[in-house]
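Required output: the full structure, derived from the provided sequences and hints.
Protein chains: 2
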Amino acid sequence: MSVTAAQGFTAAGIAAGIKANGKPDLALVVNHGPRLAAAGVFTSNRVKAAPVHWSEQVLRGAVVSAVVLNSGGANACTGPKGFQDTHATAEKVAEVLGGEFNAGEIAVASTGLIGVPLPMEKLLPGIETAAAALSEDGGEDAAVAIKTTDTVHKTATVSQDGWTVGGMAKGAGMLAPGLATMLVVLTTDADLDSATLDRALRAATRTTFDRVDSDGCMSTNDTVLLLASGASGTAPAYEVFAEAVRTVCDDLARQLIGDAEGASKDIRIEVVGAASEEDAVEVGRSIARNNLLKCAIHGEDPNWGRVLSAIGTTGAAFDPDRLNVAINGVWVCKNGSVGEDRELVSMKDREVRITADLSAGGESAVIWANDLTAEYVHENSAYSS
Amino acid sequence: MSVTAAQGFTAAGIAAGIKANGKPDLALVVNHGPRLAAAGVFTSNRVKAAPVHWSEQVLRGAVVSAVVLNSGGANACTGPKGFQDTHATAEKVAEVLGGEFNAGEIAVASTGLIGVPLPMEKLLPGIETAAAALSEDGGEDAAVAIKTTDTVHKTATVSQDGWTVGGMAKGAGMLAPGLATMLVVLTTDADLDSATLDRALRAATRTTFDRVDSDGCMSTNDTVLLLASGASGTAPAYEVFAEAVRTVCDDLARQLIGDAEGASKDIRIEVVGAASEEDAVEVGRSIARNNLLKCAIHGEDPNWGRVLSAIGTTGAAFDPDRLNVAINGVWVCKNGSVGEDRELVSMKDREVRITADLSAGGESAVIWANDLTAEYVHENSAYSS
Numbered sequence: 204m205s206v207t208a209a210q211g212f213t214a215a216g217i218a219a220g221i222k223a224n225g226k227p228d229l230a231l232v233v234n235h236g237p238r239l240a241a242a243g244v245f246t247s248n249r250v251k252a253a254p255v256h257w258s259e260q261v262l263r264g265a266v267v268s269a270v271v272l273n274s275g276g277a278n279a280c281t282g283p284k285g286f287q288d289t290h291a292t293a294e295k296v297a298e299v300l301g302g303e304f305n306a307g308e309i310a311v312a313s314t315g316l317i318g319v320p321l322p323m324e325k326l327l328p329g330i331e332t333a334a335a336a337l338s339e340d341g342g343e344d345a346a347v348a349i350k351t352t353d354t355v356h357k358t359a360t361v362s363q364d365g366w367t368v369g370g371m372a373k374g375a376g377m378l379a380p381g382l383a384t385m386l387v388v389l390t391t392d393a394d395l396d397s398a399t400l401d402r403a404l405r406a407a408t409r410t411t412f413d414r415v416d417s418d419g420c421m422s423t424n425d426t427v428l429l430l431a432s433g434a435s436g437t438a439p440a441y442e443v444f445a446e447a448v449r450t451v452c453d454d455l456a457r458q459l460i461g462d463a464e465g466a467s468k469d470i471r472i473e474v475v476g477a478a479s480e481e482d483a484v485e486v487g488r489s490i491a492r493n494n495l496l497k498c499a500i501h502g503e504d505p506n507w508g509r510v511l512s513a514i515g516t517t518g519a520a521f522d523p524d525r526l527n528v529a530i531n532g533v534w535v536c537k538n539g540s541v542g543e544d545r546e547l548v549s550m551k552d553r554e555v556r557i558t559a560d561l562s563a564g565g566e567s568a569v570i571w572a573n574d575l576t577a578e579y580v581h582e583n584s585a586y587s588s
Numbered sequence: 204m205s206v207t208a209a210q211g212f213t214a215a216g217i218a219a220g221i222k223a224n225g226k227p228d229l230a231l232v233v234n235h236g237p238r239l240a241a242a243g244v245f246t247s248n249r250v251k252a253a254p255v256h257w258s259e260q261v262l263r264g265a266v267v268s269a270v271v272l273n274s275g276g277a278n279a280c281t282g283p284k285g286f287q288d289t290h291a292t293a294e295k296v297a298e299v300l301g302g303e304f305n306a307g308e309i310a311v312a313s314t315g316l317i318g319v320p321l322p323m324e325k326l327l328p329g330i331e332t333a334a335a336a337l338s339e340d341g342g343e344d345a346a347v348a349i350k351t352t353d354t355v356h357k358t359a360t361v362s363q364d365g366w367t368v369g370g371m372a373k374g375a376g377m378l379a380p381g382l383a384t385m386l387v388v389l390t391t392d393a394d395l396d397s398a399t400l401d402r403a404l405r406a407a408t409r410t411t412f413d414r415v416d417s418d419g420c421m422s423t424n425d426t427v428l429l430l431a432s433g434a435s436g437t438a439p440a441y442e443v444f445a446e447a448v449r450t451v452c453d454d455l456a457r458q459l460i461g462d463a464e465g466a467s468k469d470i471r472i473e474v475v476g477a478a479s480e481e482d483a484v485e486v487g488r489s490i491a492r493n494n495l496l497k498c499a500i501h502g503e504d505p506n507w508g509r510v511l512s513a514i515g516t517t518g519a520a521f522d523p524d525r526l527n528v529a530i531n532g533v534w535v536c537k538n539g540s541v542g543e544d545r546e547l548v549s550m551k552d553r554e555v556r557i558t559a560d561l562s563a564g565g566e567s568a569v570i571w572a573n574d575l576t577a578e579y580v581h582e583n584s585a586y587s588s
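Heads up: the sequence lines are chains G and C, in that order.
According to the numbering used here, the first sequence is numbered sequentially starting from 204.
According to the numbering used here, the second sequence is numbered sequentially starting from 204.
Some clues are possibly wrong.
Chain copies aren't distinguished; within one or between two, either way the pair holds.
[Unchecked claim] Pairs of lysine to any residue, SDA-like flavour, derived with a Cα cap of 25 Å:
#: 1; residue 1: K551; residue 2: S247
#: 2; residue 1: K284; residue 2: L547
#: 3; residue 1: K226; residue 2: V319
#: 4; residue 1: K284; residue 2: E543
#: 5; residue 1: K284; residue 2: V533
#: 6; residue 1: K551; residue 2: E578
#: 7; residue 1: K551; residue 2: H581
#: 8; residue 1: K325; residue 2: E566
#: 9; residue 1: K537; residue 2: V319
#: 10; residue 1: K325; residue 2: W534
#: 11; residue 1: K551; residue 2: A336
#: 12; residue 1: K537; residue 2: P322
#: 13; residue 1: K551; residue 2: E582
#: 14; residue 1: K284; residue 2: A563
No wet-lab data here; the hints were simulated from the structure.
Quantities reported herein were computed from a predicted structural model and do not represent experimental measurements.
And the structure:
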């Protein structure tokens with residue numbers, strides 16, 4: 204159902220020949236209104252791809268009539284020519300969609316290898332093909348076309364009281380992942396303005412995409428867009444709408460972690476007893492990024508010492524002698540020292556739950572991560588992977 | 204020659220039975236004076252092992268008569284009993300060495316698995332064995348006894364004008380590495396006071412051990428000690444002595460990187476054109492810790508896009524459009540975009556040189572790192588590795 208679950212949207216996903224293997228690599232999502240409201244969140248990497256610079260400008264106008272996305276090339280670190288290519292892409296979409304479309308209202312997103320110019324001679328004709336294929340059932344095709352190292356395409360939908368939030372995502376990690384950039388397009392037919400969309404989207408991404416950390420590497424291309432058509436004629440209350448957006452984002456974020464490159468475990472890290480939410484997130488990220496712990500989880504070794512050594516590198520408020528750690532519900536570390544018998548911990552399931560209790564307050568946060576595997580190394584050490 | 208290269212020191216390395224495999228696991232280094240000056244640098248991890256807490260207290264007195272080191276157990280996260288064990292270890296050394304030795308002047312260092320109590324019934328008798336084996340030629344044995352996952356023992360010596368600085372090291376990474384904690388003992392017969400040793404040691408570690416980063420993981424046990432006996436009767440000028448200490452530290456640091464767990468490449472990351480040394484170090488560390496880049500280097504893929512994405516996550520002063528990156532001397536990225544042909548880059552050698560030019564000033568720094576390999580994952584995912 205993806206981006207066409209909500210009324211007022213058409214989409215398409217086609218093979219333009221950008222990928223050498225001939226797989227789908229170009230997606231188009233069009234908002235037919237009556238509203239063209241939109242919000243966007245982008246990578247915080249200071250080295251940003253050309254399409255990120257472009258789309259940030261488009262979002263400043265708070266009107267987005269279409270989104271064009273390509274896999275097979277990130278168009279990052281490609282210089283002034285890369286930005287011209289993004290501009291030409293938006294112009295081409297405006298041209299083929301017809302008179303009422305304006306390039307300045309068309310967002311562009313790209314994913315693939317950094318530092319390689321896009322094959323515009325294939326991409327531009329592909330836009331004509333995609334426009335001809337636009338359909339109210341095109342959401343799945345679009346979700347497939349934005350895949351890179353993803354093994355499955357990712358979609359999610361929430362519907363209630365006559366309105367819908369749906370979306371698609373690609374990527375193998377956090378809002379700031381690695382080569383496998385995260386691209387997300389959400390659509391809704393709720394009748395809400397761009398300021399409301401922006402508030403709901405930022406609230407949702409802060410606790411979903413921002414808290415998955417597959418490999419600690421931040422992309423140059425991450426893009427999350429929320430488009431509203433108003434086609435349902437319904438304007439839900441903010442809190443209800445925001446919760447629907449959060450639910451879709453959470454669903455897609457979990458799908459990203461579940462399909463991360465080479466991963467064999469999904470690790471849910473819950474930090475409790477923190478003096479502040481910021482402390483909880485800092486500690487959670489430090490645990491999530493500890494390569495030694497990620498290896499131990501892969502080996503189904505409940506190595507709580509590596510959790511403590513990761514906590515110890517943070518600036519969060521805690522007393523080392525009051526730290527407690529549970530792995531899959533067994534408190535293997537109590538008061539900074541040996542707790543329950545580690546032999547009681549079973550780690551056979553794909554999901555592994557780590558709870559770190561800082562004993563310093565009442566705040567908490569959940570971060571999702573993956574284990575570190577030989578397959579991850581293999582997948583990311585191959586030439587131009 | 205290790206810690207007995209300098210006059211005034213004896214050492215021993217024996218098998219006390221702490222390691223299940225029967226390999227050497229206990230080292231003793233004794234300063235016979237006439238001076239007992241000392242300086243120490245310890246892990247900045249806030250979760251510190253019992254021997255680190257103990258030795259930090261000992262160093263406050265600025266007098267160290269002996270150092271006892273064990274492999275086979277980190278004595279970290281072992282609670283009040285762990286600290287008692289460290290205290291008992293120092294007391295035992297004082298007892299067996301005889302009347303003039305005081306437990307409060309005996310440093311203790313441990314390395315091995317976190318969260319497991321030391322087998323004191325083996326360690327304490329081992330101290331008697333080690334004391335009986337003390338010799339002016341015992342430096343090599345001591346260096347062997349502190350190994351854990353090290354494949355070779357590490358020693359270095361500089362001699363000039365009648366005085367010597369020698370040392371031993373174990374570990375697989377930075378001053379703040381992972382499970383394979385870094386322990387270093389340096390000795391000298393130069394006739395210098397503890398304040399001078401402290402100044403020279405901090406200056407040396409800041410640009411050597413502090414700038415190797417094998418896997419981004421910080422240990423609970425890292426310890427670097429410098430002991431002076433004054434036995435040469437020579438008091439070299441500070442600058443000359445400091446340079447000798449820096450040379451020995453640099454040599455040992457490079458040996459650590461060259462023997463890092465599972466590594467197939469040593470990566471020399473030089474950041475130039477930085478606005479400040481702090482910026483250069485921050486950028487160097489960010490590049491050093493990027494898992495995707497570490498995989499690419501393993502695959503001999505000159506993937507400069509991953510270098511740029513790592514630089515982009517820092518707060519250093521730079522303009523993305525003025526970044527330049529060379530890999531093994533080939534400027535594959537110029538002005539933030541495609542530079543010289545990446546096919547010109549050969550990465551067959553173990554050493555890989557990355558130069559990142561921030562075009563923002565005149566400061567620079569060098570960070571050493573390793574690649575990420577399937578062997579690293581394997582070695583660190585085995586149960587209780």
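List in ascending order the numbers of the hints, as given earlier, that are violated by the structure. 1, 8, 10 and 11
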